[in-house]
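A.B. asks: Kindly generate the complete structure, drawing on both the sequences and the hints.
Sequential numbering of the sequence shown, starting at 1, is according to this note's numbering.
Hints may be right or wrong, so weigh each one.
[Said to hold, decoys possible] Dumping the calculated DSSO-like pairs for lysine-lysine here, alpha-carbon to alpha-carbon at most 27 Å:
| # | residue 1 | residue 2 |
| --- | --- | --- |
| 1 | Lys75 | Lys106 |
| 2 | Lys151 | Lys85 |
| 3 | Lys108 | Lys151 |
| 4 | Lys85 | Lys39 |
| 5 | Lys151 | Lys133 |
| 6 | Lys85 | Lys189 |
| 7 | Lys133 | Lys75 |
| 8 | Lys163 | Lys91 |
| 9 | Lys317 | Lys220 |
| 10 | Lys75 | Lys39 |
| 11 | Lys133 | Lys85 |
| 12 | Lys268 | Lys300 |
| 13 | Lys189 | Lys151 |
| 14 | Lys300 | Lys320 |
| 15 | Lys85 | Lys150 |
| 16 | Lys235 | Lys133 |
| 17 | Lys163 | Lys189 |
| 18 | Lys189 | Lys312 |
| 19 | Lys212 | Lys189 |
| 20 | Lys151 | Lys125 |
| 21 | Lys322 | Lys332 |
| 22 | Lys91 | Lys125 |
| 23 | Lys91 | Lys322 |
| 24 | Lys108 | Lys125 |
| 25 | Lys320 | Lys299 |
| 26 | Lys133 | Lys163 |
| 27 | Lys212 | Lys108 |
| 28 | Lys163 | Lys267 |
| 29 | Lys220 | Lys39 |
| 30 | Lys91 | Lys151 |
Think of the hints as simulated: they come from the structure by calculation, not from any bench.
All values derive from a computational prediction rather than experimental measurement.
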Amino acid sequence: MKILKNMTLLALLVLVLSAFKQDHVTTIFMIGDSTMANKNINHGSPERGWGMVLQCYFDDAMRIDNHAVNGRSSKSFIDEGRWQKVVDLIKPGDYVFIQFGHNDEKPKADRHTDPGSTFDDNLRKFVRETREKGGIPVLFNCVVRRNFFKKAPQNDDDEALRKTTGAKVKPEEGDTLYDTHGDYRFAPKNVAREMNVPFVDANQITHHLEQKLGREASKKLHMWFLPGEEPSIPKGRQDNTHYNIYGAHVVAHLLAEAVAQEVPALKKHRVNYDLSVARNGAGDFFDLDQAVASVPDGKKTTIQVLGGQWQKPVVPKGKKVKFVLRLGARWK
1 MKILKNMTLL ALLVLVLSAF KQDHVTTIFM IGDSTMANKN INHGSPERGW GMVLQCYFDD
61 AMRIDNHAVN GRSSKSFIDE GRWQKVVDLI KPGDYVFIQF GHNDEKPKAD RHTDPGSTFD
121 DNLRKFVRET REKGGIPVLF NCVVRRNFFK KAPQNDDDEA LRKTTGAKVK PEEGDTLYDT
181 HGDYRFAPKN VAREMNVPFV DANQITHHLE QKLGREASKK LHMWFLPGEE PSIPKGRQDN
241 THYNIYGAHV VAHLLAEAVA QEVPALKKHR VNYDLSVARN GAGDFFDLDQ AVASVPDGKK
301 TTIQVLGGQW QKPVVPKGKK VKFVLRLGAR WK
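C.D. replies: See below:
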């Protein structure tokens, strides 16, 4: 009888500890535009926002809740009630990653803000209301566009780039990456300094990345495909703003590392694995067998598997693969 009572108490303790652990998972909320946003994967599109894959670079104690939306500016994100939905979810100790600029610079009245004025005011609002809920704001400036033209092509709407095709001829590119954001690069840094907020210079980080890769290799980061190169986009595309799977992972990795430097409390939660597999599009692959097939013979490779139930693949002789199950993932 005593043994049964002790076992019952132990089971209750496990349940309490489990509930406590679930209640104390820290959330990283993300607000921003299409460069950060989750994407529709139903038709096989390889487009990804860097926030869509960020979970691959933080451990299970941190949960990414990405509210970024294509085409939104700091103004429209507030006006559409999207920000209030995030505010209502913030718990003490949660983080809010804030990144706008691509659409704030557009001329349409429903999106446009001015750096040093209305743009800064909206950033202050995000910071202030995050703190009022006990959250921790982190400001990012906008990532660069892949612009190797001395004069950037007229672009009033980044969302329209998804309709461009590889058959369209653009002006000849040079070897220097030119800025397209102007003072929208500096406003988040100024607000961060003014309000004592951690700041990640995503613009500088991605500028260095794209310039180092150069005009040709940098295309591999973006939704830039020749006709017939990508099955889901048979006519090709020349989109120098939005990331593909590879590009989103490269940028997310760099920005996660930068965040860990600016916010020391997040450093212990950083993870780095060679490959990621997830059915929701957050990984490098949807399929475990494809991930294993991509591993070079003889190279020690760690593959993280995010969520769900999986059939453990047979690893061919010569491949050195270690699997890490995350976010409740398990073998059948």
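A.B. asks: State for each hint whether it applies.
C.D. replies: Quick rundown of the hints versus the structure:
A distance of roughly 11 Å separates the Cα atoms of Lys75 and Lys106; the hinted pair therefore holds under the 27 Å criterion. Proposed proximity of Lys151 and Lys85 is contradicted: the alpha carbons are some 39 Å apart, above 27 Å. Restraint check for Lys108 and Lys151: satisfied, since their Cα atoms lie roughly 22 Å apart, inside the 27 Å limit. Only pairs whose Cα atoms come within 27 Å are accepted, and Lys85 paired with Lys39 is accepted, the gap being roughly 19 Å.
Taking the CA atoms of Lys151 and Lys133, the gap is about 44 Å. The hint is violated against a cut of 27 Å. Pair hint Lys85 plus Lys189 holds up; C-alpha atoms about 25 Å apart against a cutoff of 27 Å. With a C-alpha separation of about 21 Å, the suggested pairing of Lys133 with Lys75 holds against the 27 Å cut-off. The suggested pairing of Lys163 with Lys91 is violated, with an alpha-carbon distance near 40 Å, which exceeds 27 Å.
A threshold of 27 Å between alpha carbons decides the hint, and for Lys317 with Lys220 the separation of about 31 Å lies outside it, so the pair is violated. Annotation: proposed proximity of Lys75 to Lys39 holds, straight-line Cα distance about 21 Å (limit 27 Å). Annotation: proposed proximity of Lys133 to Lys85 holds, straight-line Cα distance about 13 Å (limit 27 Å). Proximity of Lys268 to Lys300 is assessed by CA-CA distance (about 23 Å); at most 27 Å being required, the pair is judged to hold.
Distance check on the hinted pair: Lys189 and Lys151 sit about 26 Å apart at the alpha-carbon level, within 27 Å; holds. At roughly 5 Å between alpha-carbon atoms, Lys300 and Lys320 fall within 27 Å of each other, so this suggested pair holds. A C-alpha spacing of about 41 Å is found between Lys85 and Lys150, which places the hinted pair above 27 Å, so the restraint is violated. Only pairs whose Cα atoms come within 27 Å are accepted, and Lys235 paired with Lys133 is rejected, the gap being roughly 48 Å.
As the CA atoms of Lys163 and Lys189 are separated by approximately 33 Å, the hinted pair breaks the 27 Å bound. Proposed proximity of Lys189 and Lys312 is contradicted: the alpha carbons are some 46 Å apart, above 27 Å. A distance of roughly 24 Å separates the Cα atoms of Lys212 and Lys189; the hinted pair therefore holds under the 27 Å criterion. Taken as a hint, the Lys151 and Lys125 pair is broken in the structure, with Cα atoms around 34 Å apart against an allowance of 27 Å.
Among the hinted pairs, Lys322 with Lys332 is consistent with the structure: their alpha-carbon atoms are about 17 Å apart, no more than 27 Å. The suggested pairing of Lys91 with Lys125 holds, with an alpha-carbon distance near 17 Å, which does not exceed 27 Å. For the proposed pair Lys91 and Lys322, the alpha carbon gap of about 35 Å is over 27 Å, so the pair is violated. The straight-line distance between the Cα atoms of Lys108 and Lys125 is roughly 22 Å, inside the 27 Å bound, and the hint therefore holds.
Proposed proximity of Lys320 and Lys299 is supported: the alpha carbons are some 6 Å apart, at most 27 Å. A hinted pair counts as satisfied when its Cα atoms are at most 27 Å apart, and Lys133 with Lys163 does not qualify at roughly 40 Å. Proposed proximity of Lys212 and Lys108 is contradicted: the alpha carbons are some 34 Å apart, above 27 Å. Only pairs whose Cα atoms come within 27 Å are accepted, and Lys163 paired with Lys267 is rejected, the gap being roughly 40 Å.
The suggested pairing of Lys220 with Lys39 holds, with an alpha-carbon distance near 18 Å, which does not exceed 27 Å. Simply put, Lys91 and Lys151 have alpha-carbon atoms about 45 Å apart, too far for the 27 Å limit, and the pair is violated.
Consistency note: the structure conflicts with the earlier hints numbered 2, 5, 8, 9, 15, 16, 17, 18, 20, 23, 26, 27, 28 and 30.
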